[in-house]
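Please model the complete structure; the sequences and the hints are all you need to start from.
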Amino acid sequence: MNESSQLLTGLDFSNGIALKDIPEAGMLLGRVGNDPALLVRQNGTLFAIGAICTHYGAPLVDGLLVDETIRCPWHHACFKLRTGEVLQPPAMQNLKTWKVEQCHGRAFVRKALPAPSRPKLSAVGLPASVIIVGGGAAGHAAAETLRREGYEGPVTLLTADSSPPYDRPNLSKDYLTGTAEPDWISLRPPEFYAENNIDLKIGAPVTRIDVEDRTVFLLDGRKFSYGALLLATGAQPVRLAVPGAGLSHVHVLRTLDDTKRLIACAARARNCVVVGAGFIGLEVAASLRTRGLSVHVVSPSTRPMERILGAALSDMIRTIHESRGVIFHLGTTVATITDDSVTLTSGKRLPADLVVTGIGVQPEVALAKDAGIAIDQGITVNELMQTSAPHVYASGDIARWPDRRSGQRIRVEHWVVAQRQGQTAARNILGQRRPFDGVPFFWSQHYDVTISYVGHAEQWDRLDIEGSAAAHDCIASFWLRGKKLAVATVGRDRDSLRAELAFEQERTP
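Numbering-wise (the numbering used here), the sequence shown opens with residue 2 and increments by one.
Be aware that one or more of the hints could be misleading.
As the list claims (entries may be wrong) - Simulated crosslink set (DSBU-like; lysine-lysine; CA at most 35 Å straight-line):
no. : residue 1 : residue 2
1   : K21       : K174
2   : K81       : K484
3   : K484      : K174
4   : K224      : K121
5   : K485      : K174
6   : K370      : K349
7   : K202      : K261
8   : K121      : K202
9   : K21       : K112
10  : K121      : K21
11  : K100      : K81
12  : K97       : K81
13  : K349      : K174
14  : K202      : K81
15  : K112      : K100
16  : K81       : K174
17  : K261      : K349
Unchecked claim - So the derived label-pair ranges between C-beta atoms look like this:
no. : residue 1 : residue 2 : range
18  : D214      : R410      : 28 to 36 Å
19  : V450      : V239      : 22 to 30 Å
20  : V239      : I264      : 40 to 48 Å
21  : A367      : G483      : 38 to 46 Å
22  : F218      : A336      : 39 to 47 Å
23  : A367      : Q409      : 23 to 31 Å
24  : Q460      : G332      : 18 to 26 Å
25  : D68       : A242      : 49 to 57 Å
26  : G126      : A336      : 57 to 65 Å
27  : G373      : K112      : 55 to 63 Å
28  : V362      : P403      : 17 to 25 Å
29  : R292      : V239      : 22 to 30 Å
Since the hints were made in silico from the structure, they are not lab data.
Values in this document were obtained by computation on a predicted structure and should not be read as measured data.
Heads up, the beta-carbon is just placed ideally off N, CA and C, and yes, glycines get one too.
Structure follows, in structure tokens:
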């Protein structure tokens, strides 16, 4: 994940470069001292900015310039060229920027520019305090955004989780594989919350909300009053309901604690059955296979993820996994589980001293429902992420919002969507009235192959494939009644960014 050491032998922009060698709307890769850097000419202006995305270390030279911003090729974070400020998750840290001077037909990159300062807000019209329920993607992003936007009132982040906010997508990928350092999993170091005056309370489940008195009640008897409330409670895994599903070697994967228990069990196990051939199930299969376990995948579908990705990408994914030794059992499901085996409805018996289920999640809406907040396959919100209750917002996996592109209400269970909705909710809590109109994006990793998906197609009646899925080099476009709804790419990161931009431009009024 670190490209820095490979870039330090490049051109040092401090020594200058001919202006004629810097193309318009182009990027040159080099360094400023020991810092990898890009020299960018955009709309006739020169910018010098860090070359490595602050999320997972992607090389930004492979990204996309859009106006005075640059977008990450891997996971679509967005940064301001002028200040290095991160505008769009999943990145959270700003990039370094430097002053550029022109002299005698050459550009010289000089001293580092100061980080952008936080705005000063008047307290007039702002909530006296903000309570955030949920420490996942949406809740954490909201807390950070409140401070970035200059809010100085009390911010309390309540999470039922036993750990501070962490990088949930990594749980089924590098962290479970064992290739991610444990330090990477936390979104922020412990001191961050104190330094930014965010009152983080872990192991603090909320049991009730009183929207009339603007109060939340915790399981341990504590209660907190709020000026504004953000619900970001996420989702919980669907559990198997078969004999033996409650045995100790049967796992789900949602939290960091879930993953730690799974890793401990995997260290003793030899044969794993993964129930479910969706993204989580297959990412878990890849991670456990990399750890050396025998892995069988069971699913009632006849092709893994065909409903979402179509036949060509489904076959590609299956081939990738089978080439690594994963065995599929499709068109069947689990009948019973014992201490050392799984019996399928087809009658086949599989050895199993480890079982992992990935059969979907359900949004955590009980708090909202009990408080009388409108529910419809999630918590109903408007374009500002406001619920039916005054001063109460919702974001992330629980939020069902009006999508401008489709004209329908949708709910999406993607990490990046949750982060961006958390940002939007925070800004609207501060009275900025910014509608959420982000284009959904997610990525899924299968060994060394990554699928990037932008847009949202719950249904589609036409699928166009450009390139070769079998060669891991393609673009898949999903259409419904003549309208392109989503694009999945493999091996074409910049095309994924272009598709996202085209969707954004299409839905801009």
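Going down the list of hints, with the structure as the test:
The hinted pair formed by K21 and K174 fails the criterion: a straight-line CA distance of about 44 Å is larger than 35 Å. Pair hint K81 plus K484 holds up; C-alpha atoms about 31 Å apart against a cutoff of 35 Å. Restraint check for K484 and K174: the C-alpha separation of about 33 Å stays at or below 35 Å, so the hint holds. A threshold of 35 Å between alpha carbons decides the hint, and for K224 with K121 the separation of about 30 Å falls inside it, so the pair holds.
Using a Cα cut-off of 35 Å, the hinted pair K485 and K174 holds, with the two alpha carbons roughly 30 Å apart. With a C-alpha separation of about 42 Å, the suggested pairing of K370 with K349 is violated against the 35 Å cut-off. Restraint check for K202 and K261: the C-alpha separation of about 21 Å stays at or below 35 Å, so the hint holds. At most 35 Å may separate the alpha-carbon atoms for a hinted pair to count; K121 and K202 meet this at roughly 27 Å.
At most 35 Å may separate the alpha-carbon atoms for a hinted pair to count; K21 and K112 meet this at roughly 22 Å. The suggested pairing of K121 with K21 is violated, with an alpha-carbon distance near 41 Å, which exceeds 35 Å. Between K100 and K81, the direct Cα distance comes to roughly 14 Å. Compliance with the 35 Å bound is thereby established for this hinted pair. Annotation: proposed proximity of K97 to K81 holds, straight-line Cα distance about 11 Å (limit 35 Å).
Distance check on the hinted pair: K349 and K174 sit about 29 Å apart at the alpha-carbon level, within 35 Å; holds. Note on K202 and K81: the hinted pairing holds, with a Cα-Cα distance of about 32 Å set against a maximum of 35 Å. Taking the CA atoms of K112 and K100, the gap is about 6 Å. The hint holds against a cut of 35 Å. The straight-line distance between the Cα atoms of K81 and K174 is roughly 29 Å, inside the 35 Å bound, and the hint therefore holds.
With a CA separation close to 30 Å, the supplied pair K261 and K349 stays within the 35 Å bound. The beta-carbon spacing between D214 and R410, approximately 29 Å, falls within the hinted interval of 28 to 36 Å. With their beta carbons about 27 Å apart, V450 and V239 fall inside the hinted range of 22 to 30 Å. One distance hint, 40 to 48 Å for the beta-carbon pair V239 and I264, is violated here, with the actual separation near 22 Å.
Restraint check, A367 to G483: a C-beta distance of roughly 40 Å satisfies the suggested window 38 to 46 Å. Take F218 and A336: their Cβ atoms lie about 42 Å apart, and the range 39 to 47 Å holds. Here the CB-CB span from A367 to Q409 is close to 25 Å, well matched to the stated 23 to 31 Å. The supplied range of 18 to 26 Å is met by Q460 and G332, whose beta-carbon atoms lie about 22 Å from each other.
At about 51 Å, the CB distance of D68 to A242 agrees with the hint of 49 to 57 Å. Checking the proposed 57 to 65 Å range against G126 and A336 shows it holds: the Cβ atoms sit about 60 Å from each other. With their beta carbons about 57 Å apart, G373 and K112 fall inside the hinted range of 55 to 63 Å. Hint check: V362 to P403, Cβ distance near 22 Å, so the stated range 17 to 25 Å holds.
Roughly 25 Å separates the CB atoms of R292 and V239, a value that falls within the hinted 22 to 30 Å.
Checked against the numbered hints above, the structure violates hints 1, 6, 10 and 20; every other hint is satisfied.
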